[in-house]
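Chemist: Each chain, letter by letter, is given below.
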Amino acid sequence: MRNTLLAILLFLFQIAIYAQDGVMVQGTVTDSAGQPLPGASVVVQGTTTGTQTDFDGNFTLDNVPSDGILSISYLGFVTQEIGVDGSSTISIALSEDAQALDEVVVVGYGTQKKSDLTSSIVSVDTESMEKVPTGQLMQAVQGKAAGVQISSQGSPGESPEIIIRGVNSVYGDSNPLFVVDGVFFDSIDFLNASEIESLSILKDASAAAIYGVEASNGVILITTKGGKFNRNASISYTGYTGVQTAQNVLQMANSEQFVNFALESGSDSEIASVNSAMQRFGRSRINPNVPNVNTDWYDEVLRKAMTQNHDISINGGSENIAYSVGGNFFYQDGILDMNNSYERFNLRTKLDIKANDWLKVGGSIVYSNATKYDDEASAWQLAYFAVPILPVYDYLYTEADPLPYSDAKEIGYRGSQNPFPLMDNSDLNSKIRRTVANFYADFQLIPEQLNFKTSLSYNHAGTTGRSVKLPYYVTDDYQRSVDESSITRSQVTNESYVLDNVLTYQNTFDDHDLTLMGGMSYRDNYNSYFGTTGYFDPSGAFVRDKEQTWYIENTSTDSQTSYDGGSQSYWFSYFGRAAYKYKNKYLAYATYRAEGTNKYDETYVYLPAFGLGWVLSEESFMKDVSFIDYFKLRGGWGRLANGSVPASDGGVGSSTVQTVFNDQYYTGTQFETISDNISWEFTEETNIGISAKFLDSRLSLEADYFIKDTKDMVIPLSPLVGTEVSYQNVGSVRNKGIELAIGYNGKIGKDFGYSINANFSKLENEVTDLYTQPYIERGSAEFRQMIIKGQPIDVFYGYDIEGVYQTQAEIDADPVAQSAIAGGTNISPGYFKYKDVDGSGELDADDRVYLGAPVPDYFYGGSINLNYKNWDFSTSFYGQGGNVILNRNRAEVIWTTGRNVDAELAKNRWTGEGSTNAFPSSEGYRQSWNQKLSNFFLQEGDFFRIQNIQLAYTLKNDKLPEIRFSLTADRPFLWTKGYNGFNPEVGFDGIDSQTYPIPSTYSFGMSIKI
Amino acid sequence: MKSTIYIQCLLLVCGLYLTSCDNKLDEDAELRSYQNDIDYASEAGAYGALVGAYETFQNVGWEQIPLIAVRGDDVNAGGLGDQQGFADTDNYTYDNNFWMYNSLWENWFQDITQITSQIEQLELYRDGGVNSSLIDQYIAEAKTLRGFITLELSRVFGDVYRIESTDQSEITVETKDDLMQWISDQMDEAIPNLVNLHPNQRTDIPGGITKYTALTIKAMANLELGNYQAVADATGEVISSQKFELYDDYYQLFKIPGKLCNENILEIQYSDFGQSSGDNVAHLFAFYGPQNWTAAVPEATSGWGFFEPSTKYIKFMLDRGETIRLETSVLFTDRGIADIQTDANYATLPDFVTNTTRDGDIINDYSRAMFTSGKHYLPSIQLTEGRTDYGTNKNYTVIRYAEVLLMYAEALTRGASGTAGSADDALNMIRTRANMGTLSGVTSDDVMDEKFAELAMEWGIRYYDMIRLGETSELSYDGRTFTMDKAYLPYPLEQLDISPILDEYNNQNN
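Protein chains in written order, with the working numbering: chain D, 1 to 1010; chain H, 1011 to 1520.
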């Protein structure tokens, strides 16, 4: 109200002075819904006379020729021109630019109009990300961007794994680079979705190359929320609280199924253990042949867990200052029933100041403070192994402290099995503190044409770890005594500075649009880690239940071990970008970066990239095609370098050796025979794509095809001679794929709006060269994976099962079985029949085949949004597949036979001729013949999941602030194809052994805007 | 515009700052060792590099020497029911996928590469200012070790790699003859730079390489080539130096008292440092030892029973009336004695043929073999108190002066002229020490028989002599049939997989 008064006063004042000159025009600029648009530009065409609208969308212009034309423009809206025609009051409703192609996208060291892009960049809608109740920003991006694979983490505070367009390094990492307000990060676990304004993903090399050597796996650019000039303060609160519950919990054999399975095992010790369990715990009244215990271990270790999030944000700006301050609090309990949680609070401030007409300065600070209690990961595996005939507690142990945990050894098993002693007596704490500060000064050298921006950013991250293994006592044989109880304290510090200087020139000459940018960047990364482990001194001050005594101080001195290390690297770059556009039809784009570091012997790398675009829809011959509103062909090529591979030692490494002459030690030196010669890995990528809009721009399409060749991939190389393996840049891998994204927006009537989005990605990963080597063995001998030409990286390698021997006659008739039996192997009906691939008549290493790759080769996602009046509803889904998962829990029977099995195996086991051709008998499962890595232990990873369902109502009332209530079900439903575990997202290594399940979250949320 | 001046200043300041940053690209990374950290001016450093070469040579796997030696008619594999590939090899049935072949090839070529790396580093010490003649000597020692290993590998596999550089692209596969000539030339390069001492007279590296080691290896290479004059010249120089003598007690020669004695030219040295516990650098002699014994020192452990003197050898020795050499070379079990006695010609045996050694260790019957190699046996009473491993603290003898004398004698009987006495003289020195009567007018056959008697169970010397001479009939014994196409082991499959040059050579030549 006060602003309006002020405006009127100003208005009167202006009349008093300028009333004589020409026409004075005043008016209001609003959007199509009538909401005022502050900061819209109003210019008298052909003159420099112009102004901006105020907070309420009002403007006043003097000295306007009465036949003049006003041009009113606002970002994201169609510019309107309107004749003054002598009127003194003009109200304009701008229509939103339906093409939305003029959306500005953050690119390397600047911004570009989306319509001018020639490379593959995807912007993710931050609003849809906020619907996901997670503390991990990237978890909310899953399924929303084609070409970006994200493997969620269930463990609170863990960052998801991300691969953009395939794995292209074996020795280095495949993580994308995150750039938050100009600072480089390898993880953004410190940011909440509600704290960011934009997130764009540079997928191809022509887009990413400008970010240099950290960009070889793609770049994710994030801007945190900022204020806007001439904007009323907006105060908003967003929050939710919810409960998480494990989804698709793996069904293990219950006691009855387990006992049947054990009795059929043919193992005396198994049967004896069942009998001892009946001795110790009694017989079930329902089935007296089963012990009176039926523990569902997954049910025991899991719990329902709370999560909550609160976010306050205040944004606004005056004519010369734009500001944003805010705070966020996130809390998540883990679904593992132990001290397992993640808590984080963030504070942030961002300021932009127009110091004068040629200088703009500003800065931002984000402080993040997180505390994490990690899960005892082995619990997930123990819960699978622990037999159901064992209770959680065994009250016959009267001396136990703190709790009488049951012990499977007591009934004859080899290990104690019970996960609770580990869970209850582990305290795995880390405190993660991070400060990111950024300051800049932006000089307008030639207004609207040439500016120089210098910025300095600083990032400090410190992680203080404290892992404590506490003592417990059940019996003398089953305890962790004080002197076996340990504490590890660790400190990891990361510090980086970035200094950027960027000079940008842009101008338009008739039909030519030109942008030139040149810059320099200096970066300094420091990392140090230090830790000490000690075992508690039984005679010291350590007390189990008193956290104040958990210090290295209370460990015995001779048990203490420490480590200490660090790295320091300096990076120095020159870069430039040129973008040229002719008649809005033809686009050309090029970037170049020269980057140097002290990390490798080869100091500098040179990374060029370019792109071309052709907007066909601007051509006259396309003007008549009415259903096409916009159609662009684009293509690009770029070269990337991966600097994440560890540097080789400078020169020849040496080691000290001792040998004996005349009964005395002599000390000497041996030098490496082959030195590692590691340098940059280079990737060259070609991308072609289409961006198009149809049907009055309601339907949009983005399609991309890429081929990405990584040459000089670092691989371990066996020498021609000798045993010393060296690492050299001699491997190659190719990733190629297609990506499709379509969207449709529609409206039915005045009140009902809807939008549908979907994307699909197909990826092919293939090793193309291993230098002289036929293959590189990966994984372990029992669970072999390979890097081999023509196959994806880390493909599983094992035997192919044809079926199960049903009868002795079948075994007698099979030469493969016979030769194995002659070699001393026991084969009975109910055992696997393997495929004799080489037809040699015996099963040997040559019969192994490729059984599938760990990384999914297709994935897709989509969403449907509906709104009706004040209601809105959205749902999204995600799916992936083409990969296999090693069910290592099931496969580890190879090491321990006395253990539980999953219900699927227990129910479907081979029990006699014709019972099954896919599962072994109980006896067979325990025999080495059936434990070879085969497709029995590898399961199809394909799954489909409803990611999120949200229903919300927005309360709009003049007397109240705008309040939105929402109910959300996150990741509520999952369908898997072949996989029987409870989390098909086991990470990109494809191995399920200690995987934390992804919980479903049901939450209630509220947001208030003033 | 005033602002442009500010900005120019700013750019200047930034420029200066950034230029100073650029120097940081030359900074060393944390926790990395750099070649320039090595002090190449240090004489002690150069000595360390030499010791490193010896360490490689002395660090030998338990399976390597048995595989080299097992095919001769002096020894059998024993080892029933285990290490079938080893037994098959003894019977001239070769499997290129058997792990021992690959292990021998891989480890010893690694040793050669390691020694070559040490030589390259020694050159850097020379550049760094260390006394050049000292570097010459050290390099000569390393070359001698490399020559010996190459010689052994070529005897086993025939045509193998010649390695003179750690640059793997310079490695070539050469014929056995070319390799032997190269070894001979390498020794010629080394000899002038080596010390003129008995190895046991060296104080810097006791038992290390001297001029005479290189001369002996040169003789061995030329013996393979049939260059008998070169053999006579090289061995003659060793004999004339008078630095070597046969050790009086043939039995003790292979035991603790024989360590670094005047007869030994090259030994792989081990030690328990005379301590009952703690560090013990030892060879796994258990491989050769009897599987079952009642040792004079009850705690002493037995062996694995894999290396069995052949019945042919035992009968050959009995026929010759050998005493000390048979007693030293073979440990008998009752089962073995009974087996010999089934042949009526050997119904009565000398007294020393018994299952109890002169030091009181009783060799009990065991399943794997009937006889045990005595040259790899250490009486339990010679174990340092507290040590129990079979044979521990014993050195592994590589080259003895006896072999030099026998090479000299053979060269002369095959037409070479010598300045270090007659073939009779050389042979009779050997025979006298073994309590055998002297001979005159010895023939090549006499020398070969003497070599068989003297050097059995040692490094397959017998086998490679027979190969060299094409004596297939000698190797066709105990039901075996030997033909010359069985002379060399096939290249290990794994090596063909990883080495294109070896694979190509194999395809062209085999």
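Keep in mind the hints are simulated off the structure, nothing from the lab. Warning: the hint list may mix true and false statements.
[To be verified] Heads up, simulated SDA-like pairs for lysine to any residue below, C-alpha to C-alpha not over 25 Å straight-line:
1) D:K354 / D:D564
2) H:K1034 / D:A647
3) D:K736 / D:W637
4) D:K977 / D:N248
5) H:K1253 / H:D1513
6) H:K1034 / D:L456
7) D:K789 / H:K1269
8) D:K711 / H:N1445
9) D:K453 / D:N248
10) H:K1269 / D:T667
11) D:K977 / D:K789
12) H:K1034 / D:T667
13) H:K1034 / D:L851
14) D:K789 / D:L851
15) H:K1034 / D:V498
16) D:K583 / D:L695
17) D:K869 / D:K977
18) H:K1034 / D:Y574
19) H:K1034 / D:E495
20) H:K1034 / D:Y850
21) H:K1034 / D:G226
22) H:K1034 / D:M1006
23) H:K1034 / D:S496
24) H:K1269 / D:Q658
25) D:K789 / H:N1445
26) D:K354 / D:M306
27) D:K789 / H:Y1515
28) H:K1034 / D:S198
Chemist: Against this structure, judge whether each hint is valid.
Modeler: Against the structure, the hints come out as follows:
1. A threshold of 25 Å between alpha carbons decides the hint, and for K354 of chain D with D564 of chain D the separation of about 47 Å lies outside it, so the pair is violated.
2. In summary, the hint linking K1034 of chain H to A647 of chain D is supported, as the alpha carbons are separated by about 17 Å, within the 25 Å threshold.
3. Between K736 of chain D and W637 of chain D, the direct Cα distance comes to roughly 14 Å. Compliance with the 25 Å bound is thereby established for this hinted pair.
4. Between K977 of chain D and N248 of chain D the CA atoms are separated by roughly 13 Å; this keeps the pair inside 25 Å, and the hint holds.
5. Under the criterion of a C-alpha separation no larger than 25 Å, the hint pairing K1253 of chain H with D1513 of chain H is inconsistent with the structure, at around 46 Å.
6. Distance hint between K1034 of chain H and L456 of chain D is fulfilled; the C-alpha atoms sit about 18 Å from each other, no more than 25 Å.
7. With a CA separation close to 53 Å, the supplied pair K789 of chain D and K1269 of chain H exceeds the 25 Å bound.
8. Between the alpha carbons of K711 of chain D and N1445 of chain H the distance comes to roughly 71 Å, so the proposed pair goes past 25 Å and is violated.
9. Annotation: proposed proximity of K453 of chain D to N248 of chain D is violated, straight-line Cα distance about 53 Å (limit 25 Å).
10. For the suggested pair K1269 of chain H and T667 of chain D, the alpha carbons sit about 21 Å apart, so the restraint of at most 25 Å is met.
11. With a C-alpha separation of about 29 Å, the suggested pair K977 of chain D and K789 of chain D falls outside the 25 Å cut-off, and the hint is violated.
12. Distance hint between K1034 of chain H and T667 of chain D is unfulfilled; the C-alpha atoms sit about 37 Å from each other, more than 25 Å.
13. Our distance criterion of 25 Å between C-alpha atoms is broken by K1034 of chain H and L851 of chain D, whose separation comes to about 49 Å.
14. Restraint check for K789 of chain D and L851 of chain D: the C-alpha separation of about 15 Å stays at or below 25 Å, so the hint holds.
15. This hinted pair checks out: K1034 of chain H and V498 of chain D have alpha carbons roughly 14 Å apart, not beyond 25 Å.
16. With a C-alpha separation of about 24 Å, the suggested pair K583 of chain D and L695 of chain D falls inside the 25 Å cut-off, and the hint holds.
17. Restraint check: the Cα-Cα separation between K869 of chain D and K977 of chain D comes to about 39 Å, which exceeds 25 Å; the hinted pair is violated.
18. For the proposed pair K1034 of chain H and Y574 of chain D, the alpha carbon gap of about 15 Å is at most 25 Å, so the pair holds.
19. The straight-line distance between the Cα atoms of K1034 of chain H and E495 of chain D is roughly 17 Å, inside the 25 Å bound, and the hint therefore holds.
20. For the hint pairing K1034 of chain H with Y850 of chain D, the CA-to-CA distance comes to about 48 Å; that exceeds 25 Å, so the pair is violated.
21. Our distance criterion of 25 Å between C-alpha atoms is broken by K1034 of chain H and G226 of chain D, whose separation comes to about 35 Å.
22. The hinted pair formed by K1034 of chain H and M1006 of chain D fails the criterion: a straight-line CA distance of about 52 Å is larger than 25 Å.
23. A C-alpha spacing of about 15 Å is found between K1034 of chain H and S496 of chain D, which places the hinted pair at or below 25 Å, so the restraint holds.
24. A threshold of 25 Å between alpha carbons decides the hint, and for K1269 of chain H with Q658 of chain D the separation of about 19 Å falls inside it, so the pair holds.
25. For the suggested pair K789 of chain D and N1445 of chain H, the alpha carbons sit about 66 Å apart, so the restraint of at most 25 Å is broken.
26. At roughly 45 Å between alpha-carbon atoms, K354 of chain D and M306 of chain D are farther apart than 25 Å, so this suggested pair is violated.
27. Using a Cα cut-off of 25 Å, the hinted pair K789 of chain D and Y1515 of chain H holds, with the two alpha carbons roughly 24 Å apart.
28. For the suggested pair K1034 of chain H and S198 of chain D, the alpha carbons sit about 34 Å apart, so the restraint of at most 25 Å is broken.
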